[in-house]
Amino acid sequence: MNRLSPIFLIGSLLIILIAVSCDKVEKIYPPSSYNTELDVSLYPGNWQTYLDTEWPDFDTITASTQRNVLIDDFTGHNCQYCPAAATAAHNIHSQYPQRVFVSSVHSSPTGITGFQAVNAQYPVDFTNAQGLELGQFFGAMPSSGFFGNPSVGSNRIQVEGGTELFYPSGILSSQVNNALNTTLKVAMKADVNYYAQTKGAFLHTEIELLDASLTNLGTIVVLQQDSLIAPQNVNGTYTPNYVHRDIHRKHITNNLWGRTLTDDLKKENGKYYLDYSFVVPDVLTLDGSTSHDPGNMHLLIYVYDKTTYEIYQVLRKTFE
Numbered sequence: 087m088n089r090l091s092p093i094f095l096i097g098s099l100l101i102i103l104i105a106v107s108c109d110k111v112e113k114i115y116p117p118s119s120y121n122t123e124l125d126v127s128l129y130p131g132n133w134q135t136y137l138d139t140e141w142p143d144f145d146t147i148t149a150s151t152q153r154n155v156l157i158d159d160f161t162g163h164n165c166q167y168c169p170a171a172a173t174a175a176h177n178i179h180s181q182y183p184q185r186v187f188v189s190s191v192h193s194s195p196t197g198i199t200g201f202q203a204v205n206a207q208y209p210v211d212f213t214n215a216q217g218l219e220l221g222q223f224f225g226a227m228p229s230s231g232f233f234g235n236p237s238v239g240s241n242r243i244q245v246e247g248g249t250e251l252f253y254p255s256g257i258l259s260s261q262v263n264n265a266l267n268t269t270l271k272v273a274m275k276a277d278v279n280y281y282a283q284t285k286g287a288f289l290h291t292e293i294e295l296l297d298a299s300l301t302n303l304g305t306i307v308v309l310q311q312d313s314l315i316a317p318q319n320v321n322g323t324y325t326p327n328y329v330h331r332d333i334h335r336k337h338i339t340n341n342l343w344g345r346t347l348t349d350d351l352k353k354e355n356g357k358y359y360l361d362y363s364f365v366v367p368d369v370l371t372l373d374g375s376t377s378h379d380p381g382n383m384h385l386l387i388y389v390y391d392k393t394t395y396e397i398y399q400v401l402r403k404t405f406e
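Each number in my numbering corresponds to the 1-based position in the sequence shown with 86 added.
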């Protein structure tokens, strides 16, 4: 009878141990590490099933290798010059649909003015707490360039030779092109799970800093409505069937600046992992009726500098 040598047995055992060890290292972001503040009741089943079958494997998700751009568009439904800015922003998005995304924020530098106010002709309230805070924050910053509606910006990058983060839409295209051609400093991945039974959603994100000099970063998740047909002042003309697009609805953390990238969110591989749970709200409607339509909603997830407010990367995710 042939016998296996002790050396062969020891070698085989080492190979098995190494293989098992490597398998454990690959699962750097196990479900057991999830944020315990998640509202697990939004999953219509046993939470362990979610952890076993729904939790994302980021190794199977490809991160963009190019820098994307967020266009802030501060607007109002009774602002006669705002539609031209919205069209300029939407045209750029149409040119780069996978890289340029628009956020139409209904706020003036001081919050609600006649441009955003609701009345008989303009009955839809497009404003929300975080959108108004955002407008007031940059409106109070003398160097931001946000002095009135309309006003747009590209990743909140200062214009060349100036301090302005926001400006008229006439220079938006060149500013976006400049941003698109800059080096990617932050890589992001994201995965969304939505459940109609509870109207609940879970968002999981992975953030990797590609530039070691970056510090003091935050991340914000914006819930947006794709579109709504409602009145708009267009060049002084009341236009009842105007298509409002990319409507800023809220930040899912219910605060202005989202979450800070802190060391406790960083895993052994040096990447940050943030998880969120939230209820997807009803869409805005012209007549104020209740309508739940997650297919008419999307998320914008971005990482920004908490000192300069520059946005380093942004992703768009839908509720599939």
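Mixed in with the good hints, there may be bad ones.
Label-pair restraints from in silico Cβ distances [said to hold, decoys possible]:
id, residue 1, residue 2, range
1, 127, 197, 32 to 42 Å
2, 353, 322, 49 to 59 Å
3, 148, 373, 26 to 36 Å
4, 134, 381, 22 to 32 Å
30 Å max Cα-Cα, derived DSSO-like pairs, lysine-lysine [to be verified]:
id, residue 1, residue 2
5, 336, 403
6, 352, 403
7, 336, 271
8, 271, 357
9, 392, 353
10, 403, 357
11, 271, 285
The set of hints was computed from the structure by calculation and includes no laboratory data.
Ideal Cβ placement from N, Cα and C applies to all residues, glycine included.
Here's how the hints hold up against the structure:
Distance hint check for residue 127 and residue 197: the Cβ-Cβ separation is about 35 Å, which falls inside the suggested range of 32 to 42 Å. The hinted range of 49 to 59 Å is satisfied by residue 353 and residue 322, whose Cβ atoms lie roughly 55 Å apart. Range check, residue 148 to residue 373: Cβ separation about 42 Å, and the 26 to 36 Å hint is violated. At roughly 29 Å, the beta-carbon separation of residue 134 and residue 381 lies within the given 22 to 32 Å, and the hint holds.
Between the alpha carbons of residue 336 and residue 403 the distance comes to roughly 15 Å, so the proposed pair stays at or under 30 Å and holds. Only pairs whose Cα atoms come within 30 Å are accepted, and residue 352 paired with residue 403 is accepted, the gap being roughly 23 Å. Between residue 336 and residue 271 the alpha-carbon distance is near 26 Å, which keeps this suggested pair within the 30 Å criterion. Between the alpha carbons of residue 271 and residue 357 the distance comes to roughly 13 Å, so the proposed pair stays at or under 30 Å and holds.
Straight-line distance between C-alpha atoms of residue 392 and residue 353 comes to about 22 Å, which keeps the hinted pair within the 30 Å bound. Annotation: proposed proximity of residue 403 to residue 357 holds, straight-line Cα distance about 20 Å (limit 30 Å). Taken as a hint, the residue 271 and residue 285 pair is broken in the structure, with Cα atoms around 35 Å apart against an allowance of 30 Å.
Hint check: violations occur at hints 3 and 11; the rest are consistent with the structure.
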